[in-house]
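Protein chains: 2
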Amino acid sequence: MKLAFVGLGNMGLPMAKNLVKVYDTVYGLNRSKGKEELFAQAGGKVGLSLPELAQTADVIMTCLPLPEDVHNVYFADDGILANGHPGLVAIDFSTVSPELSQNIYAAASEKNIDFLDAPISGGPPGAEAGTLSIMVGGKEEIFAKVKPVLEVMGKNIYYVGPSGSGSAVKLINQLMVGIHTQAVSEALVLAKALGLPFDKVFDILNNSFAQSRIFERHYTQFIAKDHYEPGFALELLHKDTNLVQELAEKKNLNLPVGQQVNELLREAKSSGYAKEDMSSMYKFIQEKNNRS
Amino acid sequence: MKLAFVGLGNMGLPMAKNLVKVYDTVYGLNRSKGKEELFAQAGGKVGLSLPELAQTADVIMTCLPLPEDVHNVYFADDGILANGHPGLVAIDFSTVSPELSQNIYAAASEKNIDFLDAPISGGPPGAEAGTLSIMVGGKEEIFAKVKPVLEVMGKNIYYVGPSGSGSAVKLINQLMVGIHTQAVSEALVLAKALGLPFDKVFDILNNSFAQSRIFERHYTQFIAKDHYEPGFALELLHKDTNLVQELAEKKNLNLPVGQQVNELLREAKSSGYAKEDMSSMYKFIQEKNNRS
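Residue numbers (the working numbering), protein chains in the order written: chain A, 250 to 541; chain B, 250 to 541.
It should be emphasised that the hints constitute simulated quantities derived from the structure, not laboratory data. Heads up, a few of these hints could be off.
Quick partial rundown of chain A residues pointing at chain B, CB under 8 Å, derived from the structure [stated by the list, open to error]: (1) L297; (2) S298; (3) N361; (4) F447.
Residues from chain B shown here face chain A by an in silico Cβ test under 8 Å; the list is partial [what the hints assert, rightly or not]: (5) M250; (6) S370; (7) P374; (8) A378; (9) S382; (10) V426; (11) A432; (12) Q460; (13) T469; (14) Q470.
30 Å max Cα-Cα, derived DSBU-like pairs, lysine-lysine [to be verified]: (15) B/K388 / A/K388; (16) B/K474 / A/K500; (17) A/K251 / A/K360; (18) A/K441 / B/K388; (19) B/K282 / A/K449.
Glycine included, every Cβ here is placed at the ideal spot set by N, Cα and C.
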């Protein structure tokens with residue numbers, strides 16, 4: 250079986266490297282060639298273009314930061330849909346709107362290409378350990394066919410339902426991640442103002458009803474170390490909470506706190522926190538309070 | 250050792266019953282006498298008034314729903330401070346402002362009564378199982394003295410720092426509980442609008458970065474069963490988020506999402522959800538969207 254992986258970023262590179270450990274023929278493709286070199290050093294194959302990969306792979310996977318990237322890699326003239334052979338299975342791990350997933354699915358179907366939306370949760374540590382959560386939308390028989398490939402990269406692998414439903418659940422996940430990030434930020438800003446010992450506060454709250462996986466991630470990996478190299482960049486969380494708001498509007502829903510968090514992330518993004526880990530929201534809320 | 254427990258409610262009754270299993274002399278006192286009967290049936294002693302308990306107990310504990318109740322039980326003429334003997338240890342498990350805790354502490358000190366603020370987290374199931382988190386403020390040597398008593402009721406028992414710091418950490422916990430409750434509500438309202446299967450969505454998110462103890466509590470114990478008998482009444486969560494806002498204002502802090510959640514809880518409270526479990530916020534957000 251010939252596998253292709255497009256997008257060797259923070260998530261894609263460790264995922265593709267895990268595939269190399271199990272499958273003989275795994276091709277990688279990335280815009281910046283440094284990542285391709287790292288992939289080749291880990292035993293991955295490189296050197297084929299996107300049209301060549303779409304023409305020859307059995308399964309082509311994409312993991313890209315922005316919806317526009319996903320749109321291009323599928324819909325461009327040198328993209329997957331224009332060049333893919335009938336019977337190709339395409340799997341997108343990116344976080345995009347259910348609508349984009351469904352549009353790719355529909356266009357792929359016309360070419361007899363099978364498409365799954367399969368967004369992931371777990372961050373770079375989960376990608377490296379092969380313990381990602383993967384939430385899949387599309388045809389169930391195609392899911393069953395590629396499940397062994399997904400199992401190399403993830404631990405909790407779910408078939409959700411029709412095309413777009415993987416993306417939908419991922420956006421709900423991101424809505425909660427965004428709100429939990431703000432909960433952590435406001436809690437610690439208050440703790441700081443009260444002069445409470447941070448490690449003890451974390452320990453108590455993590456054993457109480459304040460517990461969340463995001464609290465543990467943000468505190469132990471970033472805030473406690475005062476180290477905010479991503480991780481998951483704040484601008485990417487904002488991209489996701491923005492997709493949530495667009496989805497909510499389309500459904501005529503008002504999600505008031507989701508909306509406020511999206512707005513606060515937008516502010517933080519344009520205040521110098523775009524490229525820092527999302528946990529730097531704590532620093533932004535702190536700074537906002539110091540200013541006022 | 251003679252113990253007294255004032256306030257045999259949802260939390261107090263199971264806590265006091267656990268004390269009865271270990272200590273010979275545990276007196277209970279409650280406004281409504283039905284709870285006292287339940288306590289007596291479990292082997293507890295009843296029949297002494299608050300002044301009598303304050304005059305004769307070694308340790309007197311209070312667990313009351315509202316700050317005004319706590320204020321009265323300590324400061325009234327027939328209350329603990331006016332009647333307590335020198336050397337009495339008083340422990341308050343209620344959720345109140347750090348300021349009230351410190352005021353009681355100061356007034357108690359003048360009477361040579363030792364006072365600890367010791368709010369709890371874990372809900373009625375934690376109270377019954379004796380696995381509460383207890384976060385304690387006050388003198389460390391008094392904490393050490395009564396720790397064996399606390400260990401009968403809790404599993405994670407923390408000395409935080411000076412008087413009021415137990416209450417401070419508890420309010421931070423409640424800030425996070427309030428925000429997490431809203432996160433669950435908005436996430437499930439969106440999932441419903443998208444027609445996604447709830448059990449599967451919960452299972453996926455609970456294994457992803459959306460995980461929180463509140464999500465698990467709200468979903469499995471209440472929302473999945475469509476059953477909202479408390480538990481922890483929504484009006485009590487609102488009381489707590491309100492205390493958080495008062496504390497933030499006193500510190501000149503703006504906690505924007507905490508403030509919005511407090512406002513939404515106020516709305517839900519006056520829309521018929523006051524006495525339902527706090528997880529009924531999901532129903533309120535749903536209803537608010539259906540109305541608009």
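Under 8 Å, Cβ to Cβ, is where B/Q470 needs to be relative to chain A, so tell me if that hint holds or is violated. With Cβ-Cβ at 12 Å, over 8 Å, it is violated.
If you take the shortest Cβ to Cβ gap from B/M250 to chain A, is it below 8 Å? violated (27 Å)
Hinted contact A/N361 with chain B - closest CB pair below 8 Å: violated (28 Å)
Run the distance test for A/K251 versus A/K360: straight-line Cα separation, threshold 30 Å. Since the Cα atoms of A/K251 and A/K360 sit roughly 20 Å apart, the hinted pair holds (cutoff 30 Å).
Per-residue hint verdict: B/T469, partner chain A, C-beta under 8 Å: violated (14 Å)
With a cut-off of 8 Å, does the beta carbon of B/S382 approach a beta carbon of chain A closely enough for the hint to hold? Status holds, d = 4 Å.
Would you settle whether the hint for B/A378 is holds or violated, based on the nearest Cβ-Cβ distance to chain A being less than 8 Å? violated (14 Å)
Hey, does the B/A432 contact hint survive, CB to chain A under 8 Å? holds (4 Å)
For the pair supplied as a hint, B/K282 and A/K449, is the alpha-carbon distance within the 30 Å limit? This hinted pair is violated, its Cα atoms lying about 39 Å apart.
Measuring from the C-beta of B/Q460 to each C-beta in chain A, is the shortest one below 8 Å? holds (4 Å)
Given hint B/S370 near chain A, where the shortest CB pair must fall under 8 Å: holds (4 Å)
Has the given pair, A/K441 with B/K388, been kept, meaning a C-alpha gap of at most 30 Å? holds (21 Å)
Hints 1, 2, 3, 4, 5, 7, 8, 13, 14, 15, 19 from the earlier list are contradicted by this structure; the remaining hints agree with it.
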